[in-house]
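Chemist: Letter by letter, the chains look like this.
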Amino acid sequence: QKEVEQDPGPLSVPEGAIVSLNCTYSNSAFQYFMWYRQYSRKGPELLMYTYSSGNKEDGRFTAQVDKSSKYISLFIRDSQPSDSATYLCAMRSNTGTASKLTFGTGTRLQVTL
Amino acid sequence: GAVVSQHPSRVICKSGTSVKIECRSLDFQATTMFWYRQFPKKSLMLMATSNEGSKATYEQGVEKDKFLINHASLTLSTLTVTSAHPEDSSFYICSAQEAPAKNIQYFGAGTRLSVL
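Residue numbers (this note's numbering), protein chains in the order written: chain A, 1 to 113; chain B, 1 to 116.
Hint data in this document are derived by calculation from the structure and do not stem from the laboratory.
Fair warning: this is a prediction, and the values are worked out from it, not measured in the lab.
One or more hints might be untrue.
[What the hints assert, rightly or not] Have a look at the derived ranges for each label pair, beta carbon to beta carbon:
(1) H85/B <-> K100/A: 39 to 49 Å
(2) E22/B <-> Y71/A: 19 to 29 Å
(3) L116/B <-> N22/A: 38 to 48 Å
(4) G61/B <-> E57/A: 35 to 45 Å
(5) P14/A <-> K41/B: 21 to 31 Å
[Unchecked claim] Selected chain B positions facing chain A (Cβ under 7 Å, derived; list incomplete):
(6) T32
(7) S43
(8) L44
(9) I104
(10) F107
(11) G108
(12) A109
All C-beta atoms in this analysis are idealised placements derived from N, C-alpha and C, irrespective of residue type, glycine included.
All chains, please: the whole structure from these sequences, using the hints.
Modeler: Encoded structure:
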């Protein structure tokens, strides 16, 4: 079993829809959770950064972390064609080789007109 | 957010030559930089972690003599692919972390290497 599981998609939604992206993980030591957006042939861009459990909102994006269920989500409201990209969840612990991120495989999102 | 510049964005080289990729943090000092490799439609695979002024730590299965990493200053790390072969063709991405307490990695735009 992978440490971080993420549905690769592709996920296709119409413009204006609410998108829900999710990751599950098995390592209870993970404390920092991130969502990155990656356009084709580009480096990942940090979207959201959350520490421990809770919600965080930034514009059209909301990140949720449920540590008891080992489940994180990214919601995108009023999705736009420009949101079409691959979304990677990433997480890390606070101990040991603390700097290393563990990534999900990424979910490819396509927002259609 | 912090800016990480990676250069070149694209390189094509002949088999047997060496290629150097640069990664610079433009508006912050990066105590730690990371080098990743990404295959098409796959996630990022960490190759090595480099801390300024010390030797890089390579992940299992990554040849340190093949992929030379230098982190000579707090704003620059380089990855040199030595004696490149077609199987080294890939998308290489660097990231930089400002300080241990600011545990966010900011990524460069990536370098697409094609070895003929």
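Chemist: Now tell me if each hint is right for this structure.
Modeler: Structure-based check of all given hints:
1. Taking 39 to 49 Å as the suggested C-beta distance range, the pair H85/B and K100/A does not conform, at roughly 27 Å.
2. Separation of E22/B from Y71/A is about 39 Å and departs from the stated range, judged on CB atoms against 19 to 29 Å.
3. At roughly 41 Å, the beta carbons of L116/B and N22/A sit within the given window of 38 to 48 Å.
4. For G61/B paired with E57/A, a C-beta distance near 40 Å keeps the hint of 35 to 45 Å intact.
5. Checked against the hint of 21 to 31 Å, the C-beta distance between P14/A and K41/B comes to roughly 24 Å, which is consistent with it.
6. For the restraint placing T32/B at the interface with chain A, the shortest Cβ-Cβ distance is roughly 6 Å, inside the 7 Å limit, so the hint holds.
7. Of the supplied interface hints, the one on S43/B holds, with its beta-carbon coming within about 5 Å of a beta-carbon of chain A, less than 7 Å.
8. Interface hint status for L44/B: upheld, as the beta-carbon distance to the closest one in chain A is roughly 5 Å, under 7 Å.
9. Taking 7 Å as the C-beta contact cut-off toward chain A, the hint placing I104/B at the interface holds, the least distance being around 6 Å.
10. The interface hint given for F107/B holds, since its Cβ lies 4 Å from the closest Cβ of chain A, which is under the 7 Å cut-off.
11. Contact between G108/B and chain A, as hinted, is supported at the beta carbon level, the nearest pair being about 5 Å apart and thus within 7 Å.
12. Against a cut-off of 7 Å between C-beta atoms, the interface hint on A109/B holds, since the closest Cβ of chain A lies about 5 Å away.
Going through the hint list in order, the structure does not satisfy hints 1 and 2.
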